[in-house]
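Protein sequences appear in the order of chains S and C. Under our numbering, the residue at position 170 of the first sequence is numbered 170, and the numbers go up by one with no gaps. Take the position in the second sequence, starting the count at 1, then add 1000; the result is the number in our numbering.
Keep in mind that the hints were calculated from the coordinates and are not lab data. As the structure is a prediction and not an experimental result, all values here were calculated from the model. Careful: at least some of the hints might be erroneous.
Stated by the list, open to error - Which stretches of chain C does chain S cover? Using the computed rule of at least three CB atoms under 8 Å from a CB of chain S, they are:
#1 1080-1086
#2 1096-1110
#3 1176-1187
Claimed, not checked - Computed cross-link-like contacts, SDA-like style, restricted to lysine to any residue with a CA-CA straight-line distance of at most 20 Å:
#4 C:K1133 - S:W166
#5 S:K196 - C:R1104
#6 C:K1131 - S:S178
#7 C:K1133 - S:I277
#8 S:K196 - C:K1102
#9 C:K1131 - S:L143
#10 C:K1360 - C:L1270
#11 S:K196 - C:S1092
#12 C:K1102 - S:P204
#13 C:K1347 - C:Q1294
#14 C:K1131 - S:P176
#15 C:K1347 - C:A1365
#16 S:K196 - C:I1111
#17 C:K1347 - C:K1360
#18 S:K196 - C:D1095
#19 C:K1131 - S:G113
#20 C:K1280 - C:K1347
#21 C:K1347 - C:R1252
#22 C:K1347 - C:L1327
#23 S:K196 - C:K1133
#24 C:K1154 - C:V1071
What the hints assert, rightly or not - Restraint ranges, calculated between C-beta atoms of paired labels, are given here:
#25 C:D1203 - S:A97: 20 to 28 Å
#26 C:K1179 - S:T174: 57 to 65 Å
#27 S:A89 - C:A1175: 51 to 59 Å
#28 S:Q125 - C:D1166: 44 to 52 Å
#29 C:E1310 - S:F177: 27 to 35 Å
#30 S:F269 - C:D1166: 43 to 51 Å
Beta carbons: idealized from backbone N, C-alpha and C, even for Gly.
Residue strings, one per chain:
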Amino acid sequence: MKTTGNKFKIQNLKLRILNLFLYFLLIGFTLAVLYPILNVFSISLRPGDRLLSTSLNLIPDGASFHAYKVLFTQTPFLLWFWNSSLIAAAVTITGVALASTAGYAFSRFNFYGRKSAMVGLLVTQMFPPTMLLLPMYIMLLKLHLINSYLGVIVIYTSTALPFCVWQMKGYYDTIPFSLEEAARIDGSTRWGAFRKIVLPLAAPALVITALFSFMTAWSEYIVAAQVLQDTSLFTLPLGLKQFEASMSTQWGLYAAGSLLVSVPAVALFLILSRWLISGLTLGSVKG
Amino acid sequence: MAGVRLSGVTKIYDGGVIAAKDVSIDVEDREFVVLVGPSGCGKTTVLRMIAGLEEITSGELYIGDQLMNDVPPKDRDIAMVFQNYALYPHMSVHDNMAFGLKLRNYPKLEIEERVTEAADILGIRDYLSRKPKALSGGQRQRVALGRAIVRKPKVFLFDEPLSNLDAKMRVQMRAEISKLHKRLDATMIYVTHDQVEAMTMGDRIVVMKDGVVQQTGNPLELYNNPRNKFVAGFIGTPAMNFFEGRVKKEERLYFEGKESDLKIEIPAELEGKLPVAEGKDVYMGLRPEHIQPQEERKGNLRSSCNLKVEISEPMGNEVFLYFQSGLNPIVARVPSAINPRPGSELKMYFDTAHAHFFDKDKEYAIA
């Protein structure tokens, strides 16, 4: 009995040490993630566009929200914000609409060329985006879509779609087909069964699709820089770049803008995360 | 309510697999018909064709007087209970049951009335606000039944609805479905691979094998007069004993076993039917209850054989005895008072008045 007790104590001690180590590791990672954000926040509050400082204070001496005020009143920040929102919303809606229906077709229907199309979608993901820049630019030029919202929307949507279609298809595969059959017998059309039964159950996959499409459009710089030339069409990443000059960068504005750009992305993630739950189909069929 | 008529219905899948071949079944209005057969026999395919979930390759399907081949499932006025329940997991029990009524734009008051009535019948009124995941298997299957009965459809279709339940729950639900049939007085088509379910529930049974209907009839008809060896072996538990051999004639007709030393006299009442089989290879079939030990010998038991008990399975009110005679396994159903030890020898009497004879090659019944 005594030996067993000792063994238990040793095991308990080992577990505690392991937990302690894990906590230190996690705290280290958290700090590594938080430090840049806090640093950017600190820069945004510093007077005089100073990037570097010897002070370790989070709130710098002479801190003010001057940069934020200037950002909203003396720069076209709100216009860029509007442009980015419009483009990201369009890409998200188009992405969700197309990926949810295309993924369903790939999951449920057996049509000619289905496998080739699936592989084709996967292959497009293997090229680096910069490699596609030139052909896409030429394509947009021929379609007279350079310097237009529609141009970037088309490119962002087509870039995000293959991944979204694949992951929607993968999720639909896990939803029992008999649920749709039951709905069709209950009085639904095939479309009705898709809308009322399958889509609500695919909420987690739809959320991933929406977030992925949104992020593809919201923070993208390279494509936007090629396609959008008129400053009134600039998106947030293009706009922020305006604050950077070869001789003097406006670091205060740059930092304030960067923080504000991340707010909608974080907010969207927090709002949508409540749908990111597993086990939605539990109880539907005998498992 | 309405009858269902399948006329020469065939289903061929892509790749040429024939799931159902020239199936003709006439289900009368308010009848309870059971489609039974082993896995892969095409019974579920036939049910799904009736539901409209599978296209019919050829043949005609009528529900009532209306040709249904090209009518979508939602317009067939049928309800189906699935083997895996297929409940909508994001809806409550109430909403699961009300879903079909809402789609058909029933007034809210009537929906409530029907859902409450069905919930009362099935004893699930306390669970109406729960989600399916919070229910047990039996309760889920009740909800699936409820979803079907609220609609008051012309025809109910059941696709092995009890397969996922434990043995006790299965017996209970079996009785409930039978009661439901009487109460609703509705046309029901029920698919199962369990011949006990078929025998106990069906007004009529359709036995299928390899996509072909083997025999249609009421349970006792199938049990007593099987049309072929497959039906004879499929219906009845334990299954019928088969002995391969030949019908020969000396003074009288007798059956001589091929792989055993059986020599069994054929009773006078069967002799008239068997001359066609004289000199032919046949299967003789005897149900387990027609092989009895000496003690239980009664009536017209003409032939006997000493057999060694291999396994004895006491069932409470009776015992199943398993023997081996040559290459032939034999099972007998005897009263529980007789419970010999495995290894002991018993003289068993064959009640050949109840014997069935089947053609060796084509396996159809001769007598």
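Here's how the hints hold up against the structure:
1. 1080-1086: holds (count 6)
2. 1096-1110: Held - the segment 1096-1110 of chain C has 4 residues with a Cβ nearer than 8 Å to chain S, which meets the minimum of three.
3. 1176-1187: violated (count 0)
4. C:K1133 - S:W166: violated (28 Å)
5. S:K196 - C:R1104: Since the Cα atoms of K196 of chain S and R1104 of chain C sit roughly 14 Å apart, the hinted pair holds (cutoff 20 Å).
6. C:K1131 - S:S178: holds (18 Å)
7. C:K1133 - S:I277: holds (15 Å)
8. S:K196 - C:K1102: Holds. K196 of chain S to K1102 of chain C sits at ~12 Å (cutoff 20 Å).
9. C:K1131 - S:L143: Measuring from Cα to Cα gives roughly 52 Å; hence the hint is violated.
10. C:K1360 - C:L1270: Roughly 18 Å separates the two Cα atoms, so the pair holds.
11. S:K196 - C:S1092: holds (14 Å)
12. C:K1102 - S:P204: Answer violated: K1102 of chain C to P204 of chain S is near 26 Å, above 20 Å.
13. C:K1347 - C:Q1294: holds (6 Å)
14. C:K1131 - S:P176: Cα-Cα ~17 Å, so holds.
15. C:K1347 - C:A1365: Cα-Cα ~28 Å, so violated.
16. S:K196 - C:I1111: Satisfied, since the Cα-Cα distance of roughly 19 Å is no more than 20 Å.
17. C:K1347 - C:K1360: Answer violated: K1347 of chain C to K1360 of chain C is near 28 Å, above 20 Å.
18. S:K196 - C:D1095: Within the cut-off at roughly 12 Å; holds.
19. C:K1131 - S:G113: violated (40 Å)
20. C:K1280 - C:K1347: Answer violated: K1280 of chain C to K1347 of chain C is near 28 Å, above 20 Å.
21. C:K1347 - C:R1252: Roughly 23 Å between the alpha carbons, so the hint for K1347 of chain C and R1252 of chain C is violated.
22. C:K1347 - C:L1327: Holds, at about 18 Å.
23. S:K196 - C:K1133: OK: K196 of chain S and K1133 of chain C at ~19 Å, within 20 Å.
24. C:K1154 - C:V1071: The hint holds at about 15 Å.
25. C:D1203 - S:A97: 20 to 28 Å: violated (51 Å)
26. C:K1179 - S:T174: 57 to 65 Å: violated (37 Å)
27. S:A89 - C:A1175: 51 to 59 Å: holds (58 Å)
28. S:Q125 - C:D1166: 44 to 52 Å: At 47 Å between Cβs, range holds.
29. C:E1310 - S:F177: 27 to 35 Å: Hint violated: Cβ distance 46 Å, outside 27 to 35 Å.
30. S:F269 - C:D1166: 43 to 51 Å: holds (44 Å)
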